[in-house]
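Between the sequences and the hints, there should be enough to build the whole structure, so can you do that?
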Amino acid sequence: MRKVLILTYYWPPAGGPGVQRILKFAKYLPEFGWEPVILSVENGDYPAIDESLCWEIPDGLQVYKTRTVEPFTTYRKITGKNENQLIPTYILNKDYSDNWRNRLVKWVRANFFLPDARLGWIPFAWNVGRKIINAEGISIILASSPPHSLQFIGRALSHQLGCKWVADLRDPWTEAFWQRDLNAILPARYINQLLEKSILNSADALITVSESLANLFREKTSKNCYVIPNGFDSEDFNDIKRTHNSQFTITYSGSLGKDQPLTALLKAINRLEAEIIDQIKVNIYGNIHSCQLAEIEAFNRADIITVMPYLPHRELITRIVNSDILLLVIPNTPNNKGILTGKIFEYLATGNFILGIGPEDCDAARLLAETNAGVMFSYSADLKEVILEHFRMWKKEKKTIRKTQNIEKYTRRHLTGELAKVLESQLV
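In case it helps, the working numbering puts the sequence shown at residues 52 to 479.
Bear in mind the hints are in silico, worked out from the structure with no lab data behind them. It is possible that some hints are incorrect.
[Said to hold, decoys possible] Simulated pairs of lysine-lysine, DSBU-like, Cα-Cα distance not exceeding 30 Å:
{"hint": "1", "residue 1": "116", "residue 2": "318"}
{"hint": "2", "residue 1": "54", "residue 2": "132"}
{"hint": "3", "residue 1": "248", "residue 2": "271"}
{"hint": "4", "residue 1": "54", "residue 2": "318"}
{"hint": "5", "residue 1": "116", "residue 2": "215"}
{"hint": "6", "residue 1": "182", "residue 2": "318"}
{"hint": "7", "residue 1": "274", "residue 2": "292"}
{"hint": "8", "residue 1": "454", "residue 2": "435"}
{"hint": "9", "residue 1": "78", "residue 2": "332"}
{"hint": "10", "residue 1": "271", "residue 2": "309"}
{"hint": "11", "residue 1": "215", "residue 2": "248"}
[Unchecked claim] Cβ-Cβ distance ranges computed for the label pairs, FRET-style:
{"hint": "12", "residue 1": "210", "residue 2": "476", "range": "16 to 24 Å"}
{"hint": "13", "residue 1": "111", "residue 2": "210", "range": "50 to 58 Å"}
{"hint": "14", "residue 1": "298", "residue 2": "411", "range": "41 to 49 Å"}
{"hint": "15", "residue 1": "353", "residue 2": "245", "range": "54 to 62 Å"}
{"hint": "16", "residue 1": "426", "residue 2": "113", "range": "41 to 49 Å"}
{"hint": "17", "residue 1": "318", "residue 2": "475", "range": "29 to 37 Å"}
{"hint": "18", "residue 1": "108", "residue 2": "236", "range": "36 to 44 Å"}
If you're wondering where the values come from, they're calculated on a predicted model, not measured in any experiment. C-beta atoms are modelled at their ideal positions from N, C-alpha and C, and glycine is treated no differently.
Laid out in structure tokens, this is it:
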């Protein structure tokens with residue numbers, strides 16, 4: 052088999068969608084004639100930990116880890132956080148409760164750590180990466196970001212050792228929705244734009260997760276940009292039994308940042324009859340921003356909402372399978388039409404109704420329509436009737452399984468086959 056060196060900061064025991072993407076690529080690439088070799092960090096600072104994912108690492112997979120130097124220990128000390136406290140992905144969101152220390156730290160991050168605070172991994176990964184390429188006979192490099200700083204590792208290895216390098220960009224760079232919350236001065240913004248442009252123009256090919264995001268990158272470079280979305284692994288859903296809930300259950304999984312409002316959902320529930328509200332349960336699994344917690348606390352029936360921390364992946368799959376409505380909230384920010392999160396595909400695999408809140412013409416809305424998996428509503432839409440419709444079906448003990456269509460192309464196995472085609476195209 053030909054070998055591909057995959058650079059990834061997020062690797063088990065890290066949790067989250069970025070880990071799932073690379074872990075599943077590593078699982079299925081051998082079926083398409085490629086042997087993956089992983090290069091990651093041994094002391095990464097992750098927003099979520101999921102030890103159960105370690106059991107999903109394929110037997111015999113070569114995984115190399117290097118040390119890294121990061122500012123997060125200093126950040127915790129300055130801001131008074133516990134030394135073991137996990138830092139959520141939305142930490143750079145504006146928070147009106149921030150004191151001067153938090154604001155100072157965010158300003159330093161915005162203006163001096165470009166493109167991100169994982170820069171300390173570059174020299175260590177570059178040194179070990181050279182040895183791996185020479186020892187393993189690597190044919191090509193796949194660098195998956197964020198953090199986008201690791202793309203500079205891919206570029207350095209490619210230029211020095213003559214390997215082709217494909218940049219897998221799961222998120223936007225300078226247009227990332229959280230960038231607008233950073234108080235970056237003009238020179239810092241300009242430097243970040245130059246860094247992005249240099250990577251886009253240097254890579255042999257680009258991959259991203261949605262068509263809108265691909266178009267965003269295509270406007271900046273002439274390099275080929277392929278779309279390989281996140282997906283779902285059908286094997287993750289084996290042997291999970293469905294049950295009829297004692298309460299009508301609405302579930303949201305994943306981080307909930309300040310720009311992902313629950314307002315439409317809460318207003319709709321508040322307008323229902325009291326005896327119906329008593330039978331509803333809203334579960335949120337993941338990190339949640341303080342402003343969203345405040346809105347929940349202000350909700351007249353906050354007792355029906357349960358917020359729980361990140362769950363192990365297998366347990367979370369069980370929870371979303373046994374839900375009556377799955378909630379998807381696209382951040383209400385500029386350039387949000389290309390946001391296509393990993394959870395939407397696992398939502399698809401359940402067959403449960405997906406209630407989307409976001410732009411009605413975004414990529415996620417088109418995916419829901421294409422697969423008949425749900426409906427995207429605007430941020431100000433009245434959701435009362437759609438909730439009532441599914442509540443009545445639940446009351447009749449009829450599980451609202453959708454007759455989804457066209458979802459096979461979003462399986463991890465199929466998408467890994469698409470990745471293999473991209474890798475092969477670079478070696479022609």
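Ascending list of hint numbers which this structure does not respect: As far as the earlier hints go, 1, 2, 4, 6, 7, 9, 13, 14, 15, 17 are violated by this structure, in ascending order.
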